[in-house]
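Engineer: Next come the chains, spelled out residue by residue.
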Amino acid sequence: MAKGVWIVAEQRDGTMRKISFELASTARKLADQLGEEVCAILLGSGIEGIAGELSKYGVDKVYVADNAALEPYTTDAHATAIAKVVKENDPSILLLGASIQGKDLSSRLVGKLATGMATDCTDVKIVDGKFVAIRPMYAGKCYGEVVISSTPQMASLRPNVFPIVENPKAGTVVKFDPGLDPAQLKTKVLEVQKDTSGKVDLTEANFIVSGGRGMKGPEGYQILEGLADVIGATVGASRAAVDAGWRPLSDQVGQTGKVVSPNLYIACGISGAIQHLAGMSSSKYIVAINKDPGAPIFTKADYGVVDDLFKVVPELTEACKKLLAE
Amino acid sequence: MNIVACVKQVPDTEAQIKVKPDGSGIDESGIKWVMNPYDEYGLEEALRLKEKFGGEVTVVSLGPARVMETIRTALAMGADKGIHICDPAFDGADAYTTATALAAAIAGIPHDIIFCGQRAIDDDSGQVGSVLAELLGIPQLTIVTKVDVDGMSIKVIRPIEGAQLLIEGTLPCVVTAQKGLNEPRYASLPGIMKAKKKPLDTKDAAALGVTVDVKAKVARFIPPPARAAGKIIGGDDPTTKAAELARLLREEAKVI
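Here the protein sequences line up with chains A and B, keeping their order. Position in the first sequence counted from 1, then plus 7, gives you the working numbering. Position in the second sequence counted from 1, then plus 389, gives you the working numbering.
For the record, the hints were derived by calculation from the structure and aren't laboratory data. Even for Gly, the Cβ is constructed at its ideal location relative to N, Cα and C. Careful, some of the hints might be misleading.
[Stated by the list, open to error] With a straight-line cut-off of 27 Å between C-alpha atoms, the simulated DSS-like cross-links for lysine-lysine are:
no., chain 1, residue 1, chain 2, residue 2
1, B, 643, A, 265
2, B, 568, B, 441
3, B, 620, A, 328
4, A, 137, B, 606
5, B, 441, A, 265
6, A, 119, B, 643
[Stated by the list, open to error] The calculated label-pair distances, taken between Cβ atoms and stated as ranges, are:
no., chain 1, residue 1, chain 2, residue 2, range
7, B, 458, A, 174, 34 to 44 Å
8, A, 133, B, 477, 30 to 40 Å
9, B, 458, A, 321, 45 to 55 Å
10, B, 540, A, 135, 54 to 64 Å
11, B, 582, A, 170, 55 to 65 Å
Could you put the whole structure together from the sequences, leaning on the hints where they help?
Structural biologist: Laid out in structure tokens, this is it:
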């Protein structure tokens, strides 16, 4: 019978990604309720040394495949290796990150393992001994409670939503052969073009300062960048601003852009179209700065400022700078 | 080049989504149905590749009778033929079941590239393209913003967190489209007239030889947690308001 809560850890360039600790902490919680073990799968090249980091968050056993064919990430190689170790060990629950890599990988695994998955979950729990996953649908306009009748019961977890909890275990490392046949690997990463700005991606950001049509043009974003620099935020944009060509596509927040869950979302000059509200409604705190008191964004905002953003934002930047210096 | 574009009909992004009182689904009354925006990017790319290399574009869609309109739209945009997978047995189908049906329909026709949207904006599951690729035993290139085909080789750009990847793959393959790939065309009036004469097959589960086995089920739909309007910060001028906002973020919300 299937047993154990498993996670697929994610590393990049030999550094464990934060989502891996979120997965480990969540898996530990579920496993404790079921009285089962937490195992992690870690893939890459030259990564065995970081396996131990997972034990700090409650992982009992880390299955490591250290192989040149696993770096950089390709769907073919990673999905093949994971499917192999999963089939050999038959876990009951398998958690992955709903990161860009996790989305690509987890959905291929759904095919390989012929199982069901709840994607981009904001909560997972055990109810009467059964695994239940809660996920936003329609970009958060409604939620679904998903139950899975096949094993492993897969879920991908939205980054930045699940708490990281320290729970040190005397973890062990188990090496495994990923069983890769080079002839089977049909895709290859030719080039990695790194963004050197050092900004955290919107989907993983703790703080987001976002601008909409009210920014009036691309130049307006300079004041948002100023605020973002002070509080350590990533700058986002509404669809209107992206469609106008003021900001790159990768900055779009909303139903046809990125769905975000920061601790703080500051919406500047954003009226709050339903598509936009859907994409940011799971933010912990929402601030709206808009001169139109009737803007729908104010119905969702924890704090609202009705005024000209070009006057308020620079003042807010100064006020935050002072507070943070204290 | 033979290209397949999988399209899904979804509620318009403007639609308010109301959950039925018993939580069994969403209330579909008054909803305007459209082609999933991400599928439109995939279809547009399929049409562009056909214009460049020749061949045929087949559009495949699973869903109830109303889905016919979306297939007609795709035909009016320039696709050559349509396959409509229609069977009440597929109601509530999960990604695996949907992909099984699509794979059965596509396995029987020539295909060099299969386009899907990177996700549908209704169930947001984002799995179908990959499961389809696995069932057909071909590679996947997901969430891509650029496609370049040369002979039997394909190169794509996939943005990831903090980087962009240039990935090479072989045909046949599944490509899932992300916003930024292209600007989808509108159906022209002559296109709409021509679409009426284009072939459109309807197939049910039995015709496809598919057994429906839903593995992930939405047991209950729930409305999102209510988010009430908070405080409007008063004050005489932007400086006072900004200072008060900063103070609240620091002392009350404790986020900065």
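Engineer: Tell me, which hint numbers fail for this structure?
Structural biologist: Hints 5, 6 and 7 contradicted; others consistent.
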